[in-house]
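Using the sequences provided together with the hints, build the complete structure.
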Amino acid sequence: MNKKSLLRGMAAVTTLLALALAGPAPASEDPIRIGAFVSATGPASFLGDPELKTLEMYVERINEAGGVLGRPLQLIHYDDGGSASEARNFANRLLRRDRVDVLIGGSTTGTTMAAVPLAERARTPMISMAGALTIVEPVRPWVFKTPQSDRMAAERVLSDMQARGITRIGLISGTDGFGRSGREQTLEVVEQFGIQVVADQTYGPQDTDMTSQLTRIRNTEGVEAVFNFGFGQGPAIVTRNYAHLGIDLPLYQSHGVASDRFLDLAGPAAEGVRLPASALLVPDALPDDDPQKPVVQGYKEAYEERWNTSVSTFGGYAYDALHLAVHAIEQAGSTDPAAIREALESIQDFVGVTGVFNMTPEDHNGLEPESFRLLEVRDGRWALID
Amino acid sequence: MFAEFLQYLFAGVTTGAIYALVALGFTLVYNASHVINFAQGEFIMIGGMATLAFMAMGLPMPLAIAMAILLAAVLGALLHRLAIATARQADVVTLIIITIGAAIFLRGIAQVIWGKEYHALPSFSERASIEVMGAVMYTQSLWVLGIATVLVLVLALFFKRTLLGKAILATCMNKQAARLMGVRIQFVVMLAFTLAAILGAVAGAVAAPITLTSYDIGIMLGLKGFVAAAIGGLGSGVGAVVGGLLLGIAEAMTAGYISSDYKDAVAFLLILVILLFMPRGLFGSRVAERV
Amino acid sequence: MRLSMPSKMPGLPVLVLVLLLVPIILNDEFYLDIATQMALIAATVVGLNLLVGYAGQVSLGHAAFFAMGAYGSAILTGTYGWTPVPALLCAALLVATLAWLVGRPILRLKGHYLSMATLGLGIIIAIVINNEGWLTGGPDGIPVQPLSLMGFELSIFDEYHLFGLVISGTHAWYALAGVLLVLAVWIAQNLIDSPIGRALRAVHGSEVAARTVGVDTSHYKLLIFVISAVYASVMGSFFAHYTGFITPQLATFEHSIELITMVVLGGMGSTYGVIIGAVLLLLLPQLLTDFHEYEMMMFGLILMLTMIFMPKGLLPTLSALVKRHWPAGVRSSGPEG
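Chains as they are written, first to last, in the numbering used here: chain A, 699 to 1084; chain B, 7 to 297; chain C, 922 to 1258.
Don't take every hint at face value.
As the list claims (entries may be wrong) - DEER-style ranges, computed between Cβ atoms:
#1 L947/A to M63/B: 37 to 43 Å
#2 D1047/A to E1074/C: 42 to 48 Å
#3 L88/B to P989/A: 56 to 62 Å
#4 R1245/C to R795/A: 36 to 42 Å
#5 L938/C to L885/A: 32 to 38 Å
Since the hints were made in silico from the structure, they are not lab data. Beta carbons are placed, not taken as given, at the ideal position from N, Cα and C, and that holds for glycine.
If you want it as structure tokens, here you go:
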């Protein structure tokens, strides 16, 4: 090979490299900035980790498919470690330094509420991935959220108990934000279902043994079923201890454990456990005419292939938050915050992973209680039971 | 009634034994160097997570546990050699902050390598539960208790019978005198760190089938172990064991009989009460402050 | 490290100068927001340093005092309709009483028992704040009303007109936090230079010796413990009003450890050092965000390396370095201390 062709070859390679690095080119356009603050580490990483993974993956995918409005998406994300103060600071940074067009976060109610006043002030649409009703009730013009409220989960479980003729239950919940909120919501609505909570126990989010609390519940007179509201590894330990103690009353869990990880951790002890969950865990069991079927199947496959780990309900919240934002931007035809907000508020029949969203000016969540499916663990797998 | 009590006792003794092993680690290091090693909890994490990782590589469980313990021992020695020994002129509070930095560092690495998810180790025995007088007990609890007992006995023998053990004891009592007697203080302190790491890793591996394990399991277990050591007087081996068991049982009984909301507060209330009425801890050694 | 610090320092004018320069150099709402929080936390740490650096006692529960101030203000103004100033004072009084009650018996003992006691107390307070949701809002936190005095409200979301100038709420709050920090330092310096301070330094040197010459050590230690707790409580109240939303995370053991780390990182016993410690530790999470999943690892590594190679803390180590390279004659009044 002589010198000239070597040079020419190098030039060609350089050009190719430059082209490859530049990517498919709507590059002349300014990116649309999506700002996210999630609890990717710390006590709420159970929520934030799958959320961040989902956001990263879908921003990549959307960009590969040509972006939004011909512009690429740019994801700017920070990890608040579950701390509300950090969440507030990162939200502020996203709004004021990074000047994002849409804010996604936080993972918990505490981190969300710390950032809400800032988003309202900056007049930037914010989509939260946390459960509590207080985020969207009363409605704040700029704040939306994707998960169903904890009350819906409680109602779903209680109505199933009612259908089984259960009237006296034992409640056990985590002392973290998720468990506390769930416990309060459950206690608020339980009487409407003609059910009495006769034992009310709690455990710390990092506790390693709940046999004492469960023994106490078992020994309470007249308990017909047990409901555990919690997330993370706690409910898995509750389930294991429950089986270990040989309690043969029906055990209900909340959507906080809705992930295949729960089956791995709880093992055979999970047999017969019922819980409300989004369609995500049972994509193949859905009837073919279910509008969510393709969405849920697609998300589950893509996530599990990309990250080599099982999907969880919480990642689904991030999928919905991102896609609602993208949908709204497309509808608005621009990144004008007021236009995006308007578009978000008028989203109808948007099929997400968590459910079908119908937003209104009075409802910034837009989900029906029916978006929760009731599942039961049978032979180590999730089964749809209604 | 009795079955109920027994059930709480089983729960308390199992967690208590885990706390006791962690507390022993704190005590060892504290005695040798007056440092409260806040990285102690991370060795519990390494015990569980590394066992899991080695098993995923196809090693049988006993071998995987041995490898995990070896890894923890090496890390414990390194922690002393690279961090504590390098800064040995520093104030004790500074050394404690270094161990906090080390804990965050180890947790950070574990999170990158092993991910953030929780994992379960299989129980050591085929049969998971046995029934005793109306109460059920994990067979794994027996493993925890058995191994904890053996470790405590071995440690006791080590300190009473071997030259090395006596050297450590001498260092605890009087550094200057020990140095004059030809004890290499830095070596002794390193040994204490290594032994503490081994104790932590064993606790982590044995407990993982019950407690599950993850990159951040060490935060809570480490803190509880420290509390147990403090109850026991932070310097007494017997105190650490009793403190751990007491703490575990107190938590289980409170959750069972009083309030699960405040079961964690009991441990800390215990600390306050002990400080007010028995300031040396239950088994604290009587040490005079040097002038 | 303990006694070598000169107590008369040219630091206060330098601190004021730096505080004045920050809004000029970083004229940006985000930076000012962070700087305001830094000033409030730094003031807390200046109080804690009195205890650690001069009384030689470690508090592992200072975050709980901070949180009690924050929650006291939040609850009294929000639920019970008090105005912020009496609420702040009431919370501080409560904290002072609690610190006194716990400190009195414990500080009679020699040794590090205060750290154990504050660890226990701090975690109990954190558990109560987390569990009593009817009062504190539980783990999800509680909103806090803006600061106001005699009908004048200070909110970061408002604008203020002063002598024809328009000042944003963020700037106004920054100014307030700056004044608070200067006040905190001024009070601390005066304490250190007072007979109490001298007695305390004697205690830190050798307790037995101090006692022999007739210094009632436990009395002084108790006083300084209560003062440092009040520092935390007052700054906690301001922090709550500033951020507008607080969670039980403020009271956690991790937060207490963070405060102690700021003291040790900056330099125990060096008032200006611990301010730098606070600034750095609060800045790190913002600086390390680009490391993403390596963030935690980097944080631990930086903390470890700094303490290994600067065991006396940042400012004392740096000022020793300056002294070595600039003999005293050449050196003009630098910001060391």
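Hint check:
1. Distance hint check: the CB atoms of L947/A and M63/B are about 41 Å apart, consistent with the given range 37 to 43 Å.
2. A C-beta distance of roughly 44 Å is found between D1047/A and E1074/C, which places it inside the suggested range of 42 to 48 Å.
3. Separated by about 58 Å at the C-beta atoms, L88/B and P989/A satisfy the suggested range of 56 to 62 Å.
4. At roughly 39 Å, the beta-carbon separation of R1245/C and R795/A lies within the given 36 to 42 Å, and the hint holds.
5. L938/C and L885/A have their C-beta atoms about 56 Å apart, which leaves the hinted 32 to 38 Å range violated.
Comparing the model with each earlier hint shows a violation of hint 5 alone; every other hint is respected.
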